[in-house]
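*Asks:* Sequence:
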Amino acid sequence: MVDREELESVCKRRGFIWPSSEIYGGEAGFYDYGHLGARLKDNWEDIWKDFFLGIDDNYHMIYTPNILPYRALKASGHVDLFSDVLVHCMRCSESYRADHIVMELTGNNIEGMGAEEIEDILEKNDLRCPSCNGVFSETEDFNMMFSLNIGPTGEHKGFLRPETAQGTYMNFFREYRALRRQMPMGLATIGSAFRNEISPRQGVYRLREFLQAELQIFFVPGVHDTYYEELYDEDQKVRLLRDGEDEVKFVPVKELDELPIFYRYHLAKVYEFYHDHMELPHESIRLRELSDEEKAFYNLIHFDVEISMSSLGGWKEVGGIHYRGDYDLTKHQEESGTKMSIPIEGERVIPHVMELSFGVDRNIWALLDCGYHSKDRDWLSIPNKCAPYHVAVFPLVRKDGIIERSLDVFTELNSNFRAFWDKSGSVGKRYARMDEIGTPYCVTVDYDTLDDDTVTIRDIKSKEQIRVNISELVDVIDSLVFGEKVFNDHFSE
RNA sequence: GCAGGCGUGAUCCAGUUUGGUUAGGAUUAAGGCCUUCCAAGCCUUCUGCCCGGGUUCGAAUCCCGGCGCCUGCACCA
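FYI, the numbering for the first sequence is 1 to 493, going by our numbering.
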């Protein structure tokens, strides 16, 4: 169990993450990554890329701009639909979503209706504020996108992108040609997205500028997706919370009959990422199916990846697995006039999209939340590959040439790993510092080192030590950090 | 956005009710002494009243405005 304030305090004090522009009082919804947080984030992104691009030779990274022109987001539906029509009560100034209040008071669903029509309905039916019976104001359109003007005349309207996906969709056809028409085709990207949230809350969980890591997979159902049947491990188990059920089930994906194979395949891959690579325990991961009400209209199948975070009060979304059908490419084809269809057996077919979407900041927070222990000692348990420092080097005491010897060891390790050297305070204090920032291994140079060229390696999880010769130190640390080998293998030797 | 609470060194907190010496403690951090392995001890040291106005001889304290955070409501394509 982690208290959010305690975790935020460590993050600030040690250099992970904190509110942005804080010397000017800050601005809600923006966070900075400090020197440790930046490394953690970069490492997470590297592991994400290695894993998701690694599952198929035809999955690739691309990068696209943060600013998108008006028409791109008109096509995607964000200009019209990524907004709420609000009304305020003139008496008590309570604000409401106009469609919700009309629905509540009249029972009519008016989704997609324009502002003027809504005002008409409010007036004709003499609808009043439910809490004080006051009259409503005129409607106010609130779009969640940050708008801006491009160029000196300001005539070109644009937006900061509300999701990275649109840049990827617009590149579908060019990459389809550049990748020599291989399908299925995956285009991944990592980048910033921007949403002018009404009230950012809960630290990095809801931000106005945030990082997304997304993989868009393009294929034609019934044609390219059969490819996944060969790769598919039907016995792989995932923890699922189905819509309408209230218990999580740990089931092999082969039992999910009503979900297509390509969906099950990627569902399992996402689960594998969190369990095997983020090293989160099964109990902390679940894939939750969204109800029809929660689901966006274009998503045919939608499970969220949820991680149990005690600092945020329980299960929180860190990613989504969306089968979006042909919605995106169809919309861009309509708006742009550019062909998005590909030839299949003499006919032209618009490919479908399977989207794996992750909030990077939320994932970083999930690692910190799940990894931080404060019971007997404060220590951070994160995957070795994620750790800001892989290894630290200490002189046991500051005399008799031990400092110099430890610097030699440090120099060698630092050319192979992210290493850290510290002579300040007692050795126990230095272990404690490394515990707090998740450095998995600490190497200590002592008097035995002077006699026989051995050093100790201390493991963060168990606090146990092994003694190895300096000549094999790099190999041992390498196998501990990057290899399959775990500390106890060495310890029992 | 609404209601309530809050904002004091890097972190956490006392002090604000009733305005008045050099704003106090703990932790952390830096330098040193000591030290043969898990935040030991000793000495020294750095950093603070969220921002801007106002009242007053005098403001961390009272008033106004702003910013931020927390809880609840609302919101979260």
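Think of the hints as simulated: they come from the structure by calculation, not from any bench.
Treat each hint with caution, since some may be false.
In silico DSSO-like links for lysine-lysine, alpha-carbon gap of 30 Å or less [unchecked claim]:
id : residue 1 : residue 2
1  : Lys254    : Lys316
2  : Lys157    : Lys339
3  : Lys12     : Lys423
4  : Lys49     : Lys375
5  : Lys399    : Lys423
6  : Lys249    : Lys237
7  : Lys254    : Lys375
8  : Lys375    : Lys295
9  : Lys74     : Lys423
10 : Lys339    : Lys12
11 : Lys12     : Lys49
12 : Lys237    : Lys254
13 : Lys316    : Lys461
14 : Lys399    : Lys463
15 : Lys74     : Lys12
16 : Lys423    : Lys463
17 : Lys429    : Lys237
18 : Lys74     : Lys375
19 : Lys295    : Lys237
20 : Lys49     : Lys237
21 : Lys385    : Lys12
22 : Lys12     : Lys295
23 : Lys331    : Lys295
24 : Lys399    : Lys429
*Asks:* Between Lys49 and Lys237, does the CA-CA distance stay at or below 30 Å?
*Replies:* holds (23 Å)
*Asks:* Within a Cα-Cα threshold of 30 Å, do Lys375 and Lys295 meet the stated pairing?
*Replies:* violated (39 Å)
*Asks:* Do the alpha carbons of Lys237 and Lys254 lie within 30 Å of each other, as the hint requires?
*Replies:* Distance ~9 Å between Lys237 and Lys254 Cα, so the pair holds.
*Asks:* For Lys423 and Lys463, compute the direct alpha-carbon distance and say whether it is at most 30 Å.
*Replies:* The hint holds at about 19 Å.
*Asks:* When you check the alpha-carbon spacing of Lys331 and Lys295, does it fall within 30 Å?
*Replies:* holds (19 Å)
*Asks:* Do the alpha carbons of Lys399 and Lys429 lie within 30 Å of each other, as the hint requires?
*Replies:* holds (18 Å)
*Asks:* Starting from Lys74, check that the Cα of Lys12 is at most 30 Å away, please.
*Replies:* Since the Cα atoms of Lys74 and Lys12 sit roughly 40 Å apart, the hinted pair is violated (cutoff 30 Å).
*Asks:* Hint check: Lys254 vs Lys375, CA-CA at most 30 Å. Holds or violated?
*Replies:* violated (40 Å)
*Asks:* Check the hint pairing Lys249 with Lys237 against an upper bound of 30 Å on the C-alpha distance.
*Replies:* holds (10 Å)
*Asks:* Could you grab the alpha-carbon distance between Lys74 and Lys375 and see if it respects the 30 Å cut-off?
*Replies:* violated (52 Å)
*Asks:* Lys254 and Lys316: Cα distance at most 30 Å?
*Replies:* At roughly 26 Å apart (the allowed maximum being 30 Å), Lys316 and Lys254 satisfy the hint.
*Asks:* Do the alpha carbons of Lys12 and Lys49 lie within 30 Å of each other, as the hint requires?
*Replies:* The hint holds at about 28 Å.
Violation of the numbered hints given earlier is confined to hints 4, 7, 8, 9, 10, 15, 17, 18, 22; the remaining hints are satisfied by the structure.
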